[in-house]
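Chain by chain, the residues:
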Amino acid sequence: AQTVTQSQPEMSVQEAETVTLSCTYDTSESDYYLFWYKQPPSRQMILVIRQEAYKQQNATENRFSVNFQKAAKSFSLKISDSQLGDAAMYFCAYRSAFRNNDMRFGAGTRLTVKP
Amino acid sequence: EPEVTQTPSHQVTQMGQEVILRCVPISNHLYFYWYRQILGQKVEFLVSFYNNEISEKSEIFDDQFSVERPDGSNFTLKIRSTKLEDSAMYFCASQAGLNEKLFFGSGTQLSVL
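Protein chains in written order, with the numbering used here: chain A, 1 to 115; chain B, 1 to 113.
Just chain B, same shape as in the assembly (with noise of 0.2 Å):
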């Protein structure tokens, strides 16, 4: 089966620096996603991403905040300058079109000291 590659799988920073966590969605999706996880909590979307535009977003997703697909096959989540709370999981998914299935990948645990 087909899967979204997520990478680093884990990434430690310290306060007030910027992160880029890094996706490459499946070839053929044309819906991309982030979503966050804080330890022990219930996963929380962030962005939705379709036709290099940024079509919805939480209020999580505030100004520190930005995606980019800066070429045909990465998707990336930009945190300008870290907290401490940025700490938690962070799924990239996508999708083949609306309303069929959601791919997620396998995870980047973000670490902010």
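This is chain A alone, in the form it adopts within the complex (with noise of 0.2 Å):
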């Protein structure tokens, strides 16, 4: 079964400043779709960024880029200059292309923005 994981928490960065956040998963499969969501104290999901795996390049949307390393199963987001509303919980998923119906979701990260 597919995985998703997320090491980090909890992160902080100071605003204006550059953080990363950390995904790793695990399939068998050899094509399939990741995805960072977007979490406000709304709770409202929010899709941030999407990477297909048979893309080699990186996905960028505005400040938001990924680090896609598909071998070693390294999914991480970037988010430069950053801002207070950047704060929020952050959900890395994983869905399979083969099987459209489940995505997964890894544990989240809870990013504080410092002023």
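Source of the hints: derived by calculation from the structure; they are not laboratory data. All figures in this text were calculated on a predicted structure; none of them were measured in a lab. A virtual CB, placed ideally from N, CA and C, is assigned to each residue, including glycine. Please note that a few of the clues may not be correct.
Said to hold, decoys possible - Here are the simulated DSBU-like cross-link-like pairs (lysine-lysine), alpha carbons at most 30 Å apart as the crow flies: (1) A:Lys55 <-> A:Lys73; (2) B:Lys78 <-> B:Lys101; (3) B:Lys57 <-> A:Lys70; (4) A:Lys70 <-> A:Lys55; (5) A:Lys114 <-> A:Lys78; (6) B:Lys42 <-> A:Lys73; (7) B:Lys57 <-> B:Lys78; (8) B:Lys83 <-> A:Lys55; (9) B:Lys57 <-> B:Lys42; (10) B:Lys78 <-> A:Lys114; (11) B:Lys101 <-> A:Lys73; (12) B:Lys78 <-> A:Lys70; (13) B:Lys78 <-> B:Lys42; (14) B:Lys83 <-> B:Lys57; (15) B:Lys57 <-> B:Lys101; (16) B:Lys42 <-> A:Lys55; (17) B:Lys42 <-> B:Lys83; (18) B:Lys42 <-> A:Lys70; (19) A:Lys78 <-> B:Lys42; (20) A:Lys73 <-> B:Lys57; (21) B:Lys101 <-> A:Lys78; (22) B:Lys42 <-> B:Lys101; (23) A:Lys55 <-> A:Lys78.
What the hints assert, rightly or not - What follows is a set of in silico ranges between Cβ atoms, one per label pair, in the way DEER data are often shown: (24) B:Glu18 <-> A:Gln14: 44 to 52 Å; (25) B:Gly97 <-> A:Phe64: 37 to 45 Å; (26) A:Glu61 <-> B:Leu113: 24 to 32 Å; (27) B:Glu85 <-> A:Thr60: 34 to 42 Å; (28) A:Thr3 <-> B:Ile38: 14 to 22 Å.
Claimed, not checked - To give an idea of the chain A side of the interface with chain B (calculated C-beta under 8 Å), a few residues: (29) Tyr25; (30) Gln44; (31) Val48; (32) Gly106; (33) Arg110.
Please assemble the complex out of the two chains, which come individually in their own frames, going by the hints.
So this is what it looks like as structure tokens:
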């Protein structure tokens, strides 16, 4: 079964600095999707960024980028120029390209942004 | 951007009562999901729904749970006899097609007393 591991329960970053959140996953499948979701105190799940495993190029969305290392099964999220509004829980998630129905989430990393 | 709408935002019920959580997926979407998140824990998959039937369900989704798409717009999750451990945030999600972006609703916080 696929598992997603986030080894950092909490992280903090100074406003305007850069922070990297770690995620590793375990799978035997060759094609899949990886996601980072942000969950602010409102508890809404907001998609931050998505990576398709067959694409070698790392996905970027404005200040958010990923470092996707397929062989190492690592998928870290880098937030540049951190803003106070970035403070939230961040969940890494995996979804198979073959079995689309089941998205697996990591346990989450709580990010604090210090002014 | 289109939104998945969930009502109510907060539901309080007594143990043993039935609850129905409601979701309005995005109108042209074909795939529908329910997830739950117990406070402080990870988000867990419950069930997926396509073409008017359940396509997959997790071990959490036992006989106490059911889903329905009674009309062309609503997608409901029913818990027949709630237990204390059903207290969680329940998220509905929808998707236009396989491998398309998954849109989450803002969740319904269910509190079972």
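Hints and how they fare:
A C-alpha spacing of about 14 Å is found between Lys55 (chain A) and Lys73 (chain A), which places the hinted pair at or below 30 Å, so the restraint holds. Pair hint Lys78 (chain B) plus Lys101 (chain B) holds up; C-alpha atoms about 26 Å apart against a cutoff of 30 Å. At roughly 28 Å between alpha-carbon atoms, Lys57 (chain B) and Lys70 (chain A) fall within 30 Å of each other, so this suggested pair holds. Taken as a hint, the Lys70 (chain A) and Lys55 (chain A) pair is honoured in the structure, with Cα atoms around 10 Å apart against an allowance of 30 Å.
Of the pairs offered as hints, the one joining Lys114 (chain A) and Lys78 (chain A) holds, with about 17 Å between alpha carbons and a cut-off of 30 Å not exceeded. Distance restraint check for Lys42 (chain B) and Lys73 (chain A): the Cα-Cα separation of roughly 20 Å lies within the 30 Å cut-off, and the hinted pair is therefore satisfied. Between Lys57 (chain B) and Lys78 (chain B), the direct Cα distance comes to roughly 14 Å. Compliance with the 30 Å bound is thereby established for this hinted pair. For a cut-off of 30 Å, the pair hint linking Lys83 (chain B) to Lys55 (chain A) is broken: about 44 Å separates their Cα positions.
At most 30 Å may separate the alpha-carbon atoms for a hinted pair to count; Lys57 (chain B) and Lys42 (chain B) meet this at roughly 17 Å. A hinted pair counts as satisfied when its Cα atoms are at most 30 Å apart, and Lys78 (chain B) with Lys114 (chain A) does not qualify at roughly 42 Å. As the CA atoms of Lys101 (chain B) and Lys73 (chain A) are separated by approximately 22 Å, the hinted pair is consistent with the 30 Å bound. The suggested pairing of Lys78 (chain B) with Lys70 (chain A) is violated, with an alpha-carbon distance near 39 Å, which exceeds 30 Å.
For the proposed pair Lys78 (chain B) and Lys42 (chain B), the alpha carbon gap of about 22 Å is at most 30 Å, so the pair holds. Annotation: proposed proximity of Lys83 (chain B) to Lys57 (chain B) holds, straight-line Cα distance about 19 Å (limit 30 Å). Using a Cα cut-off of 30 Å, the hinted pair Lys57 (chain B) and Lys101 (chain B) holds, with the two alpha carbons roughly 20 Å apart. The hinted pair formed by Lys42 (chain B) and Lys55 (chain A) meets the criterion: a straight-line CA distance of about 27 Å does not exceed 30 Å.
Proposed proximity of Lys42 (chain B) and Lys83 (chain B) is supported: the alpha carbons are some 19 Å apart, at most 30 Å. For the suggested pair Lys42 (chain B) and Lys70 (chain A), the alpha carbons sit about 23 Å apart, so the restraint of at most 30 Å is met. The straight-line distance between the Cα atoms of Lys78 (chain A) and Lys42 (chain B) is roughly 21 Å, inside the 30 Å bound, and the hint therefore holds. A hinted pair counts as satisfied when its Cα atoms are at most 30 Å apart, and Lys73 (chain A) with Lys57 (chain B) qualifies at roughly 26 Å.
With a C-alpha separation of about 21 Å, the suggested pairing of Lys101 (chain B) with Lys78 (chain A) holds against the 30 Å cut-off. In summary, the hint linking Lys42 (chain B) to Lys101 (chain B) is supported, as the alpha carbons are separated by about 20 Å, within the 30 Å threshold. Of the pairs offered as hints, the one joining Lys55 (chain A) and Lys78 (chain A) holds, with about 18 Å between alpha carbons and a cut-off of 30 Å not exceeded. Our hint of 44 to 52 Å for Glu18 (chain B) and Gln14 (chain A) holds, since their Cβ atoms are close to 49 Å apart.
Separated by about 25 Å at the C-beta atoms, Gly97 (chain B) and Phe64 (chain A) break the suggested range of 37 to 45 Å. The given range of 24 to 32 Å is broken by Glu61 (chain A) and Leu113 (chain B), whose C-beta atoms sit roughly 41 Å from each other. Under the hint 34 to 42 Å, the C-beta atoms of Glu85 (chain B) and Thr60 (chain A), about 40 Å apart, fit the expected range. Taken as a hint, the range 14 to 22 Å holds for the pair Thr3 (chain A) and Ile38 (chain B), whose Cβ atoms sit roughly 18 Å apart.
A least Cβ separation of about 13 Å between Tyr25 (chain A) and chain B goes past the 8 Å threshold, and the interface hint is therefore violated. Hint status for Gln44 (chain A): holds, given a least beta-carbon distance of 5 Å to chain B, under 8 Å. For Val48 (chain A), the shortest C-beta to C-beta distance to chain B is roughly 12 Å, which exceeds 8 Å, and the interface hint is violated. The beta carbon of Gly106 (chain A) comes within 6 Å of a beta carbon in chain B, closer than 8 Å, and the hint placing it at the interface holds.
Below 8 Å, beta-carbon pairs count as interface contacts, and Arg110 (chain A) has none with chain B, the closest being about 10 Å; its hint is therefore violated.
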